[in-house]
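Chemist: Respectively, the protein sequence lines represent chains A and B. According to my numbering, the first sequence is numbered sequentially starting from 1. According to my numbering, the second sequence is numbered sequentially starting from 1.
Just so you know, the hints here were simulated from the structure itself, not pulled from any lab data. None of these values were measured; they are calculated from a predicted model. Mixed in with the good hints, there may be bad ones.
Said to hold, decoys possible - With a straight-line Cα cutoff of 27 Å, these simulated DSS-like cross-link-like pairs (lysine-lysine) come out:
1. B/Lys68 - B/Lys473
2. B/Lys492 - A/Lys73
3. B/Lys60 - A/Lys73
4. B/Lys473 - B/Lys440
5. B/Lys46 - B/Lys473
6. B/Lys492 - B/Lys473
What the hints assert, rightly or not - Where chain B lies over chain A, by a calculated footprint (3+ residues, C-beta under 8 Å):
7. 124 to 132
8. 160 to 169
9. 199 to 205
Backbone N, C-alpha and C define an ideal beta-carbon position, used for all residues, glycine too.
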Amino acid sequence: MTDARTEILSRIRGALGSADSSAGAAGTTGAAGTAGVTRAPSVVPREYRSAGEHAPGSDAVLEVLIDRLVDYKAEVHRTTPKDLPRLLARLIPQRSAERQVVGSSDYRSPDVLPTTPSTPRGAVVVPHGIDQAWVSAMGGVEVRTDSREAPLSAAELDEVDAVVTAARVAVAETGTIVLDGEADQGRRAVSLVPDVHVCVVRTDQVVQTVPEAVRLLGADPERPLTWISGPSATSDIELERVEGVHGPRTLHVVLLS
Amino acid sequence: MSTFLGMPAARDRRGPGPDAAPGTLSGVGRPEDPLHWGASFPDAAKAALDNGQLRRNLGKATSTIRTKRARVVGEVPDWEALRDAGSAVKTDVMARLPELLEELERNVTARGGVVHWARDAAEANRIVADLVRARDTDEVVKVKSMATQEIGLNEALAEEGIAAVETDLAELIVQLADDMPSHILVPAIHRNRTEIRDIFLERMADAPPDLTDVPRELAMAARAHLRRKFLSAKVAISGANFAVADTGTLAVVESEGNGRMCLTMPETLITVMGIEKLIPTFDDLEVFLQLLPRSSTGERMNPYTSMWTGVTPGDGPQEFHLVLLDNGRTKVLADEAGRAALHCIRCSACLNVCPVYERVGGHAYGSVYPGPIGAILTPQLTGEESDLPYASTLCGACYEVCPVKIDIPSILVELRAREVSMTAGSAGDTADRVWSAAMKAASFAMADGARFRRAARVPRLLRAISRNGVIRKLPFPGSLWTRSRDLMEPPKQTFRDWWDGREDQR
């Protein structure tokens, strides 16, 4: 009995050979052993926009990004490096207090998942490569650091109230920020489990279109990528959008210039 | 010979029938074959049309999503150019499928992943069950996946004592209700909020007893129910929206974060993917990440897209298995006229615009792939005779919205023509004989003006058996027609009578 791999590949070659002698002929580059012909890529028309008309980080691009993010119910803030630490400090405890009134269906209701009493409220996790100046002024907030070498457990991540990360790139037209797992953005779990995600994006990282972002990310395609467009959401019940399901229920995007 | 576009004689299919009408708590049950279950399309459609609740749920949902899609597609200036590129990329993938699959396998393996090949559903289910059992666990979390629905993975795992927990909200609803999905993107589209509340209260042990039917509350109840499972699961199972051959990168597009949870938290990730999901290069993502979300949920971008390449040390699952699934796809590929069905990226835009789908819903198609794309994909995957190619008015709306320009109407016509030429060969078919007799009679009547005048009076007799302007059942041989259609009540007056009367009044 032939193995599945051999059989499937042979079925495919048979299927293409029996029905596709003309279409593939133009691109034929020669025989590859006994397995059949190797076809060169056929020409794909790429008349779509490969970049937007506005420069990355321009006012026009930022305006579109903000409009899209607000549409998704993300919260957008603009600040300078000088004011950033104070803004971050303000964002974390504030949201933490609000979350206590989510109601009986909140997953933290005691019969579902008890929280450890020793963990103080207002804890934030940051990836170890984050700019230390950002987190320096978070007075009264417990800052925990996570790295691939010294990761927090899922339960520990579940106990912190927020996460602060940087980003790799943002796409204005779709309102998307992309994390690529580098030291200032952290492991994927870090930006997923806490209920509040504060993502700091430098304005020069904001491009207008998806192709511009894909080109940039394509430089390191093996990195784990997370494309985030607003807080988690579902439209599974009568197609009525509900923001905040399993991912962070609150997304703050801080634009830094 | 002109192509016959009518509805053939209906056939009964094996498996449970949709006796449990949507609108009751329990669903249609899990069939033995997810690609072929329930009553024949004409019978199932008739039953569905009688269900007012179902039609209201569907009508509301499909019109909402159509509006959203039209708005976000309209704001993309190069939409048609993106469709052209998407279509050409997929054509290229099919022409080079063996090489691209080998390239994908090399790159996934080089990054620490393990690639498995499965000829059919049974083989894929066997591979996954063995992998899960070797990880010493009896519960896995699942990301919504059409491929695993198609192979009936959950049922296969259950037979091995492994509980597969669906984590997409709609799939969870379907699973709790022992139901089948009725839409590719929104599997519980046939349920309204009150039905969902009732399902949660009865079937979800930790649902709050005071749960209301407000969508936000229902979503929060699901969050609470699944949270601990996400944080403790050892194994996750997913499908894939795209696999990039030149980098070995897999992509899953989702909204709720259940995908991120499954793809990130467990130690082991098993991805089951149809062999047609490939794209050649990482750059090709720029086309599909624009086409899919806008076509699918009508959003500029879906909330979350995860991409991973093999294993990343210290981040996410440290063991990754990719199961490449044939299960009939090579049969579709061998069919030059129908192979474009493999270009489908499962956006479901064709369902939402289809006048037939909107009225009968997904269950009537008796396949996990309903709607226009299901009507061409399902019979091609199974290779069985099917009445699904007739579940269409050929209005062409599906082709207009398809992000990869699959010419569904032309493939439907082609499949119908084959079906007819196949059955024409079998002598003694009642429908055929009656059809041909009727054509002879019509040609006799129409050949002579006086004969036609007399013949045209006959339909008026039918008014006697109509109700509310509709005739639902004719005696034989007319029953061959009314089996799958209603007949409008004939007018009181023929056109000729009306014309004559009009002349008289002058």
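Chemist: Give a verdict on every hint.
Modeler: How the hints compare with the structure:
1. Proposed proximity of B/Lys68 and B/Lys473 is contradicted: the alpha carbons are some 40 Å apart, above 27 Å.
2. Using a Cα cut-off of 27 Å, the hinted pair B/Lys492 and A/Lys73 is violated, with the two alpha carbons roughly 59 Å apart.
3. Distance hint between B/Lys60 and A/Lys73 is fulfilled; the C-alpha atoms sit about 24 Å from each other, no more than 27 Å.
4. A distance of roughly 23 Å separates the Cα atoms of B/Lys473 and B/Lys440; the hinted pair therefore holds under the 27 Å criterion.
5. Annotation: proposed proximity of B/Lys46 to B/Lys473 holds, straight-line Cα distance about 12 Å (limit 27 Å).
6. A threshold of 27 Å between alpha carbons decides the hint, and for B/Lys492 with B/Lys473 the separation of about 19 Å falls inside it, so the pair holds.
7. Only when three residues or more bring their CB closer than 8 Å to a CB of chain B does the claim for the region 124 to 132 of chain A stand; here the count is 0, and the claim is violated.
8. Check on the region 160 to 169 of chain A: 0 of its residues sit with their Cβ under 8 Å from a Cβ of chain B, so the three-residue criterion for coverage is violated.
9. Using a Cβ-Cβ cut-off of 8 Å, 0 residues of the region 199 to 205 of chain A lie near chain B, which falls short of the minimum of three, so the contact claim is violated.
Going down the numbered hints, you'll see the structure goes against 1, 2, 7, 8, 9, while the others check out.
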